[in-house]
Structure formats: C-alpha cells, structure tokens
Amino acid sequence: MDLLNNFLFIALPYIALTVFLIGTIYRYKGTKFKFSSLSSQFLEGKKLFWGSVPFHYGIMVLFFGHLTAFLLPDVILSWNSSPLRLMILEVSAFIFGISALVGMFSLLIRRKTNPRIEIITSKMDLLIELMLLIQIFFGLWVAYEYRWGSSWFASVMSPYLTSIFTLNPQIDAVSRMPWVIKIHVSLAFTIVLLIPFTRLVHLLVFPLSYLWRPYQKVIWNWNRKKIRDPKTLLNVTRSKNN
Amino acid sequence: MSDLINLFNKAKLLIIVFTFAAILLSEYSYPQSQGEIIYKRTCIACHTIGSGRLVGPDLKNVFNKRSEEWIISFVKSSQRMIKRRDPDAVVLFNEYNKSIMPDQNLTDDQIKDVMRYIKKQSSGSGQTTALTEDIKSSTGMTIDEAGENEVSAGRNLFLGKVRLTNGGPACMSCHNVTAENLIAGGLLAMDLTNTYSRLNAPGVYSIMFSSPFPIMNAAYNNNKITKDEAFYLIAFLKHADINSVNQQPVNYQSNFILMGLLGAAILFGIYGGIWWNRKRKPVNDKIFKRQLKTF
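Chains as they are written, first to last, in the working numbering: chain A, -6 to 235; chain B, 408 to 702.
Since the hints were derived computationally from the structure, they do not count as laboratory data. One should not assume that every hint holds.
[To be verified] With a Cα cut of at most 30 Å, we get these calculated BS3-like pairs of lysine-lysine: (1) K175(A) - K505(B); (2) K634(B) - K505(B); (3) K218(A) - K693(B); (4) K218(A) - K700(B).
[What the hints assert, rightly or not] Calculated Cβ distances over 10 Å to all of chain A for the following chain B residues: (5) I479; (6) I489; (7) I518; (8) T600; (9) S617; (10) T633; (11) F695.
The beta carbon of each residue, even a glycine, is placed where N, CA and C say it ideally should be.
In isolation and in its complexed conformation, chain A is listed as follows (with noise of 0.2 Å):
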C-alpha cells in the first residue's frame, strides 16, 4: 500500500509533469499546426454545439476553481467562512460540474455515432474523452459523498500541492483519503501526462490576444459566384493571403 502511495502521490506527479514539460515543448517544435483542439465543427456543428458548450464553460470554471483553491486557499477560506456562501460556491461548481459531464458525455457519444466524426477520431481522442468524463464523475462523487471539497482541499490538498512544486513531497494526508479522491488525484496527474500527446494542447494555446485586438475584417477579394462554379474553380487565381 505504501508503494503504491508513494508510486501515486510522489512517483507519478513528478513523472506526469516532466513528460508534460519536454512533450509540450518538443511537439510545438516538432508539429505546431498540430498544436490545436483539431476542430470539427465544418464536418458537424448541432450536436457539438450542446457538446461543446457545457463541457468548456463547465470545466474551465471547474479548472480555475481548483487552481484558486490551491494558489490562494486563504482566499477560498475566508469566502467560505459565511455557511451561505460556502453553499453558493458548492452547488455552483456542482453545477458546472454537471454541465462538464453532460458536455462531455454527448461529446463522446458524438464522436461513436457520427461517421463524418468517427473517421477522423483517433484512439488518443477517445482515451482523452473517456478519461475526463471519469475524471469529472469522480469529480462530482467527491463533491457529494465528501461534501464541502473546497475547504477541505484549501486546507489539506493545497499544501500537498505545494509540496510537490517545492519538491518536498508530504503525502501522509493524501495517503489517508478516501479512495474517490486519490483515484480523482492521480487521474488528474495522468491526464496532465498525456496532454502532450492529444488534443488538449490546445489549451496551451488558447488565443488569449483576441480579447484584445481589433476586430478584423474579413473580404475575399474574388467573385463568389466565379469561385462556386465547380468548372471555374480551376480558372481562377487564389488570393495570396488566403
């Protein structure tokens, strides 16, 4: 039990950044036009849209909960120190957790029934897809069966955190969790493992400078009807900056 403590709470935490580290750095030098989410809303848009949707609103305020809670847990605590608005932020991450679940679940379903969808999945997309819709179950079993996790994770799962990063891990708390929650850890660390190697690069690039820049205009610079015309497609000379 212990070896397998320390393989999951020390071991694979170091292993799982390391690899995120080089593979990320290595595959933007390697392949960057594969560093992207491999859009496939040209081949189907309806069902990705109420895939899509809940799954990123949901977890994006699920991820930045988390990384609150262990950057600044006093902050978290101190919010928490009114009953009713410990409740607020628990039903609410509750709920995104939920909205995640469901995203991500007809995402899933999505990608195995619709023929445009499956042919372009690889096996990276399915493990990728499978093992965040445990990840969020699990997730949200934590956040019922072991209920107020964000003060409980303030207090306890930050500084073990914080143990990793400073390189001295202390994993006697973490060790006595409950099963849920270590399999909801080490998840964790093995989906930050395999980031390098899916399409959750993406959110590394994630085009934060389109919040800021000027909107953009865009003007094709031929004749539409010309360049629909499948016996003129030939004839007619591309832009050069399309």
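Chain A is already provided as a structure; the job is to place chain B on it using the hints.
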C-alpha cells in the same frame, strides 16, 4: 607584545568557535529517541503512560498484557483485526465506545522503538500525557461553567463565521454536527455530534493539539488552534452532544443533487438562450440590414 595580543585574540576566537560547535554537537549527540519522537507525534493525543485512560487505554506496561506481534498488528490496522474478530481487539473496541484507532503508517521497527520508549517510561516515575494543565479558558472558566456565550463562540468557530486565529480551516469543512441553527457540516471526517460523550473533554482537547489523524495534521500543523478556541469548541461540542437527542438529522444530500440538477437545467437554458440565433443568419446580416435601412 602585539604578537601576544594577536595570539590571545585567536585563542578567544577559537574558544567561541569550539563552544558553539560543542553546543551544536550536543544537540546531535543526545537526540530524543526515535520512539519518543513518534510517540509524541502520533500516540500522545489518545494515550497516556501512567496517567490513566484518555481516548484510548493507558499504555503503561502494555507489553505485559499483549504480545509484541499483537501490538504491531493492532497499531498498523486495528480495524483489520476487529474485522477478523480478534477477541482482544473486539473487547478493546467495545470498551472504548467503538472509537476507531486510525491505522498508523509505521514500520515494525518504528513500532518497536515506540514500545521501547513506553517500556522506559513505564519503569520510571515519568507520567506521559498530552495534557499538562486543566482545560480552562484564559479567564479561568472550566468547561462545566461555560454558558451560552461560550457555546455561541464555539459554534461560530466551528462554522467558520469567526476565523481561527492562526488561519486554520473551520471544523465544518470536514466534520458534521447535528445541532439547531447549523447547516450541514463536511463528510470527509467523522461526525462530531456525540464526540463529547465518547471522548470527554480531555480526549477532544488532546486531539485538537496533537492529532493522530494525518489529514487533520496537514490542516492544522502550521495553523495551531489556540487554547481559548479549543475551550469554546469543546463547550459547543458538549452542548451539541447534550441536545442531540432533540435534533433530527436533515438529509442535505438529496437537496444538494436536486439543486445541482435544477441549476444545470437553468445553465443549459442560458447556453441555448445566448446562442439562440447562431448560424441562422449569415455573418454579414447586420451589414446587410444596415444597407437596407439607407433606402
């Protein structure tokens, strides 16, 4: 003459250096035994050596009552032994109000070190206990004298309405207490509603200061609970315990799921509402309409 003064200064410097070195070395030469360190970190919250029962039994001469193998096995996992229906383990479990002794992550050698320390303490006059003084507030009030104000202060600390002085998390983060005007507490650790009658004030007090539970240790190691805070919390736990017979536990779990599902339904409505008209119109619809207006 100046050479003599230099020599004298050098000698003085050497004496100072040697004195410091001797002090430092003495720290390393006479350390606490490994067993003592582990005992004071892990066992002292629940056991005494010669001062009577606390949360668990007095460990004085424990090696005369049980074999070494039995003690090692019990320390590693008392629950496993109880599940195996070990007669001595079951008797102990029942005798101590079915309080579960947490599994200790110690090696055989470490447990033997602790037993050597207990043996040494048992033979001497040293009485080892976590409690060195009576449980009193800074104003000298005892738990039995605590009134509504102290209970209320304890309730506020338990809920986190008043933050613990050293920044530790509120107890309700992990513990539940069924009491009036109290929202549901956490479920990560044990329910504390009847803790007072099971452990009594000294037991609760010693766990607060030297917890045998690693998760609690991680939360409070660097954010110790003050003695006054412990006093108020015990007053609150005692009050909750006495009044627990009149309380009906509320099932918050189903409400939590219901609120989550309802909230998620609203959230999905918002998603649909925001992007209701997406892709129904061309991207240059606005420009097109603006042009029409000019006619």
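Comparing the hints with the structure gives:
For a cut-off of 30 Å, the pair hint linking K175(A) to K505(B) stands: about 27 Å separates their Cα positions. Note on K634(B) and K505(B): the hinted pairing holds, with a Cα-Cα distance of about 28 Å set against a maximum of 30 Å. For the proposed pair K218(A) and K693(B), the alpha carbon gap of about 21 Å is at most 30 Å, so the pair holds. A distance of roughly 25 Å separates the Cα atoms of K218(A) and K700(B); the hinted pair therefore holds under the 30 Å criterion.
With 10 Å as the threshold on Cβ separation, the claim that I479(B) sits away from chain A holds: the shortest Cβ distance comes to roughly 15 Å. Against chain A, the non-interface label of I489(B) holds: every CB pair exceeds 10 Å, the least being about 18 Å. The Cβ of I518(B) sits about 14 Å from the closest Cβ of chain A, beyond the 10 Å cut-off, so the non-interface label holds. At roughly 16 Å from the closest C-beta of chain A, the C-beta of T600(B) stays outside 10 Å, upholding its exclusion from the interface.
With a minimum CB-CB distance of about 15 Å to chain A, S617(B) clears the 10 Å threshold, and the non-interface call stands. Distance check for T633(B) against chain A: the nearest CB is about 17 Å away, which clears 10 Å, and the non-interface claim stands. Residue-level check passed: F695(B) sits 14 Å from the nearest beta carbon of chain A, beyond 10 Å.
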